[in-house]
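Enquirer: These are the residues of each chain, in order.
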Amino acid sequence: MNKWLLLFLIILFWSAAGLAIFGFQQDQNYSATPLPNQVDRIISMAPNLTEILFALGLGDKIVGVTLDSDYPPEATKKPKAGTFWQPNIEAAIAAKPDLVITLGFTQQRNLAERLKRIGYKSLTLNIEKVSELFEAIRIIGTYTGKQSEANKLVGDISEKLDKLSALVGTKAKIRVLWVVQREPLRVAGRDTFINELIELAGGENAIGPTLHQYPPIGAEQVIACNPDVIIEPAMNPKNLAGQQSSALEYWLRFKNIPAVTNKRIYVIDGDTVSRLGPRLYEGTETIARCLRPELFAN
Amino acid sequence: MQTKAMKELLTPRKLIIKIVSAAIVLVLVMLVCSLIGTESISMKEVFRGASKQAVVNPDYEIFVKVRVPRIILAAIVGAALASSGLVFQALLRNPLADPYILGISSGAGLGAVIAVISGINWTLWGRSPIALFAFAGALGTVWLVWFISRLTGKFHVTGLLLAGVVVNAFFSAVIMFLTSVAKSREIHATIFWLMGNMIEEDFFVLWMGAGCILAGILILFNISPQLNVISFSAEDAKSIGVNTARIHTIAFAVAAFMTAVAVSLSGLIGFVGLVVPHAVRLVFGPDHRQLFPLSSIIGAIFLVAADTLARVIIAPAQLPVGVVTAMVGGPFFLVLLVKFSKKVGWLG
Amino acid sequence: MSGIIEIENLSFGYTPKSTILKNISFEVKPGTFLVIAGPNGAGKSTLLNLMCGMLRPSSGIIRIDSKAIESYKTEALAKKVAVVRQELTPVFGFSVFETVLMARTPYFNKFGFEGQADKRIVNEALQATDTAQFALRPLRNLSGGERQRVFIARALAQDTPVLLLDEPTSFLDLKHQVKIHDLLKAAQLEKGKTIVAITHDINLAAQYCDETLLLSKQSSSIQTERNYYIGSTKDVFSPEQIERAFGIRTFVGKVGQEKFYLPLGKFAKDISQISGKPNSNQPK
Numbered sequence: 002m003n004k005w006l007l008l009f010l011i012i013l014f015w016s017a018a019g020l021a022i023f024g025f026q027q028d029q030n031y032s033a034t035p036l037p038n039q040v041d042r043i044i045s046m047a048p049n050l051t052e053i054l055f056a057l058g059l060g061d062k063i064v065g066v067t068l069d070s071d072y073p074p075e076a077t078k079k080p081k082a083g084t085f086w087q088p089n090i091e092a093a094i095a096a097k098p099d100l101v102i103t104l105g106f107t108q109q110r111n112l113a114e115r116l117k118r119i120g121y122k123s124l125t126l127n128i129e130k131v132s133e134l135f136e137a138i139r140i141i142g143t144y145t146g147k148q149s150e151a152n153k154l155v156g157d158i159s160e161k162l163d164k165l166s167a168l169v170g171t172k173a174k175i176r177v178l179w180v181v182q183r184e185p186l187r188v189a190g191r192d193t194f195i196n197e198l199i200e201l202a203g204g205e206n207a208i209g210p211t212l213h214q215y216p217p218i219g220a221e222q223v224i225a226c227n228p229d230v231i232i233e234p235a236m237n238p239k240n241l242a243g244q245q246s247s248a249l250e251y252w253l254r255f256k257n258i259p260a261v262t263n264k265r266i267y268v269i270d271g272d273t274v275s276r277l278g279p280r281l282y283e284g285t286e287t288i289a290r291c292l293r294p295e296l297f298a299n
Numbered sequence: 007m008q009t010k011a012m013k014e015l016l017t018p019r020k021l022i023i024k025i026v027s028a029a030i031v032l033v034l035v036m037l038v039c040s041l042i043g044t045e046s047i048s049m050k051e052v053f054r055g056a057s058k059q060a061v062v063n064p065d066y067e068i069f070v071k072v073r074v075p076r077i078i079l080a081a082i083v084g085a086a087l088a089s090s091g092l093v094f095q096a097l098l099r100n101p102l103a104d105p106y107i108l109g110i111s112s113g114a115g116l117g118a119v120i121a122v123i124s125g126i127n128w129t130l131w132g133r134s135p136i137a138l139f140a141f142a143g144a145l146g147t148v149w150l151v152w153f154i155s156r157l158t159g160k161f162h163v164t165g166l167l168l169a170g171v172v173v174n175a176f177f178s179a180v181i182m183f184l185t186s187v188a189k190s191r192e193i194h195a196t197i198f199w200l201m202g203n204m205i206e207e208d209f210f211v212l213w214m215g216a217g218c219i220l221a222g223i224l225i226l227f228n229i230s231p232q233l234n235v236i237s238f239s240a241e242d243a244k245s246i247g248v249n250t251a252r253i254h255t256i257a258f259a260v261a262a263f264m265t266a267v268a269v270s271l272s273g274l275i276g277f278v279g280l281v282v283p284h285a286v287r288l289v290f291g292p293d294h295r296q297l298f299p300l301s302s303i304i305g306a307i308f309l310v311a312a313d314t315l316a317r318v319i320i321a322p323a324q325l326p327v328g329v330v331t332a333m334v335g336g337p338f339f340l341v342l343l344v345k346f347s348k349k350v351g352w353l354g
Numbered sequence: 073m074s075g076i077i078e079i080e081n082l083s084f085g086y087t088p089k090s091t092i093l094k095n096i097s098f099e100v101k102p103g104t105f106l107v108i109a110g111p112n113g114a115g116k117s118t119l120l121n122l123m124c125g126m127l128r129p130s131s132g133i134i135r136i137d138s139k140a141i142e143s144y145k146t147e148a149l150a151k152k153v154a155v156v157r158q159e160l161t162p163v164f165g166f167s168v169f170e171t172v173l174m175a176r177t178p179y180f181n182k183f184g185f186e187g188q189a190d191k192r193i194v195n196e197a198l199q200a201t202d203t204a205q206f207a208l209r210p211l212r213n214l215s216g217g218e219r220q221r222v223f224i225a226r227a228l229a230q231d232t233p234v235l236l237l238d239e240p241t242s243f244l245d246l247k248h249q250v251k252i253h254d255l256l257k258a259a260q261l262e263k264g265k266t267i268v269a270i271t272h273d274i275n276l277a278a279q280y281c282d283e284t285l286l287l288s289k290q291s292s293s294i295q296t297e298r299n300y301y302i303g304s305t306k307d308v309f310s311p312e313q314i315e316r317a318f319g320i321r322t323f324v325g326k327v328g329q330e331k332f333y334l335p336l337g338k339f340a341k342d343i344s345q346i347s348g349k350p351n352s353n354q355p356k
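Residue numbers (our numbering), protein chains in the order written: chain P, 2 to 299; chain B, 7 to 354; chain V, 73 to 356.
Misleading hints may appear alongside valid ones.
Claimed, not checked - Listed below are the simulated SDA-like cross-link pairs for lysine to any residue, each with C-alpha atoms no more than 25 Å apart in a straight line:
no., chain 1, residue 1, chain 2, residue 2
1, P, Lys4, V, Lys182
2, B, Lys50, B, Pro75
3, P, Lys117, B, Asn174
4, P, Lys97, B, Leu343
The hints are simulated quantities; they were obtained by calculation from the structure and are not laboratory data.
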């Protein structure tokens with residue numbers, strides 16, 4: 002018994018010593034909002050955040066981006082702070098940021114937390130819906146003293162989207178199958194922002210409500226959902242025409258669905274529709290052109 | 007009369023010399039690795055200390071708040087995994103055992119997945135719910151495996167291994183099931199977390215973690231002579247005066263606890279717990295009085311080095327440290343195996 | 073006096089239905105060399121395992137130095153009784169010296185290290201079993217017979233008043249068979265050890281041991297029949313007893329003071345000249 006008592010006492014002493022030396026680290030209260038005129042050095046951890054910052058005129062203040070922030074072209078020249086999935090905290094600190102903006106999923110949220118603990122100001126934004134995009138733009142505007150630019154940007158995009166809605170009208174919705182991956186076959190479900198874009202462009206997701214956002218589906222479901230149009234965001238931004246013809250060949254295996262019989266298979270540029278950012282309208286218009294080319298003949 | 011054999015034996019003095027030398031190497035490695043990273047920092051700036059003005063001193067911040075805690079964490083986890091791997095190799099009399107052999111990995115994984123699915127957000131002492139649930143999952147699984155194997159009567163190595171295999175398979179299946187039906191996209195984050203990650207922890211957490219591991223190693227050192235006998239033969243152990251049931255329980259509990267702590271701190275990092283004890287045994291022999299201190303220190307060195315490599319090799323991205331331990335550990339171990347098997351004429 | 077083994081009404085069965093040992097009682101006085109002999113399956117190893125505390129009796133008591141075996145703590149029992157079983161190949165590369173040193177584990181200091189006395193005892197044990205030249209070699213690299221000698225050395229290093237051995241010389245060559253028996257006899261005579269050994273070699277047993285316990289298989293039909301005989305070797309190993317226990321006719325001859333035992337199998341040469349009787353197993 003004596004040995005265990007001794008062990009217990011040692012544990013107690015060790016814990017007390019640790020508390021005395023290091024203290025309990027309270028979550029530092031660095032989540033306090035920085036004053037707008039103090040934000041001169043910003044790090045953006047996602048390509049759509051980078052686009053938003055540039056669109057608000059904050060391009061000069063960006064001191065760090067992720068590897069895949071490629072739009073606008075000036076963004077590629079900025080110092081890199083890691084990748085979208087693997088942020089590099091050392092690079093982030095070395096850039097001496099006043100504000101670090103991240104998206105809301107775990108890896109990036111963790112980075113924001115870690116930086117907060119060390120004493121940096123960070124901002125975490127969830128951008129998974131169009132409404133969340135608008136709100137994010139406004140929040141960034143508030144943090145950086147660009148409220149009017151933010152409101153203008155949001156207003157611009159909304160106006161263009163409204164005009165597009167009016168153009169496509171409330172006619173019969175076109176059934177769209179949005180294919181993100183061919184093998185195994187994965188499509189965008191109804192709970193995604195892509196679905197929102199499709200609907201804004203006058204379409205309807207051929208797939209019904211599913212458990213997952215990007216469910217894997219089988220051949221049966223492809224036939225059953227009877228899509229009018231199939232859209233694939235391109236892997237490669239080059240040679241879209243070539244990718245389009247090989248896609249047509251690929252989908253021939255589903256002989257009887259309207260999208261194949263009417264040869265309505267489209268491969269479009271991925272960036273404007275995979276990122277929820279300021280080029281939202283461009284992406285939506287591209288989709289609308291696929292769905293109703295006749296409306297854009299002029 | 008001093009025979010040649012007696013001269014070659016391990017003595018307390020020789021052991022202390024070996025431990026101190028290894029510890030010195032560890033400190034040197036940690037110092038060197040703290041100077042390596044994707045950002046080059048100058049020690050002069052670091053010594054200037056934390057900046058009091060608006061403009062921070064990034065060199066100091068990076069060094070003290072990112073690199074040093076991370077290196078200390080790698081040392082702690084490396085020591086923990088190496089020691090507990092050694093315990094399982096001794097208890098199961100199997101040089102290919104590792105700390106996860108009895109279902110700890112799937113138990114931790116299940117804990118992590120449950121934490122994410124339940125959407126719990128609060129933190130305890132700054133530890134995220136994933137870490138805590140992984141800890142509980144790991145310990146709970148070990149207890150389950152222990153319990154199941156007791157049903158087969160007494161401490162049978164085969165019973166333990168079988169129970170571990172069954173529990174591992176079952177929990178892995180549950181994890182896959184939950185992952186495929188869960189709506190939460192955070193699930194994918196758990197896979198990432200489980201792959202092994204080293205992030206800076208606050209110093210109190212590191213202090214407590216170090217305390218746990220040190221205590222564990224001391225206890226294991228204390229029962230090393232008995233573990234020598236048990237690793238030799240279970241049947242004989244009792245006749246020699248070793249209370250096998252008691253030693254099994256203590257060693258098992260300590261190893262399980264250390265592994266659970268390691269997993270909760272940094273996810274599942276493979277290879278360290280298998281390769282380091284095995285390699286140390288190849289070089290230094292099977293005496294556990296030597297193996298425990300040396301494996302822990304060398305495990306720490308190995309993981310600190312592996313983590314440093316993981317941090318810089320594909321900059322600006324970070325490689326999961328488990329990838330480095332496997333890719334570096336594997337070939338290194340093969341070389342060691344060939345070189346020392348020839349010299350000693352034994353295998354392990 | 074230390075090294076007394078008392079067995080009282082011992083019964084044992086591995087399952088509730090089968091009984092291997094039934095109501096066995098005997099005493100082994102200190103400093104006796106007892107041999108346990110008998111056919112396969114009679115329960116010799118079982119009895120040995122009961123005597124060292126590895127198995128629990130179904131009924132009856134075993135006492136070592138007047139204390140019930142169950143009441144001994146593991147370490148204390150190890151200082152009284154040492155066991156030599158069949159040799160094995162260890163998974164890890166312990167050297168011969170390290171292996172024999174394991175016997176001294178109960179005597180290590182509180183830091184887990186051996187003392188000078190322990191090392192000296194190990195050395196003596198190695199010398200006695202003719203294994204000192206292997207001291208630094210890994211046990212795995214030795215032959216079966218050499219390993220067996222190391223295991224015997226380990227039991228000697230345990231320095232106990234009682235030494236139990238389960239067929240200690242079955243893998244050894246003639247020289248070492250004799251040497252080991254010499255060694256055991258010396259341990260008995262010089263150190264007063266109580267030695268209990270299971271052996272299949274009747275001739276060697278007769279030459280070295282004082283008493284013999286002859287175990288026969290438990291016959292289920294005759295419940296009350298005793299299936300063991302214990303007494304001085306020359307009494308127990310009578311031709312009738314041997315035939316009854318092993319089912320083989322044996323010719324017991326005498327040369328001077330030494331008795332020898334010649335089993336008479338089907339192909340044994342005709343010895344009617346000496347024995348005065350025909351070998352009854354020979355074809356007519």
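Enquirer: With reference to the structure, classify each hint as holding or not holding.
Expert: The hints, checked one at a time:
1. Taken as a hint, the Lys4 of chain P and Lys182 of chain V pair is honoured in the structure, with Cα atoms around 13 Å apart against an allowance of 25 Å.
2. For a cut-off of 25 Å, the pair hint linking Lys50 of chain B to Pro75 of chain B stands: about 20 Å separates their Cα positions.
3. A threshold of 25 Å between alpha carbons decides the hint, and for Lys117 of chain P with Asn174 of chain B the separation of about 38 Å lies outside it, so the pair is violated.
4. Note on Lys97 of chain P and Leu343 of chain B: the hinted pairing is violated, with a Cα-Cα distance of about 48 Å set against a maximum of 25 Å.
Hint compliance for this structure: hints 3 and 4 are broken, all remaining hints hold.
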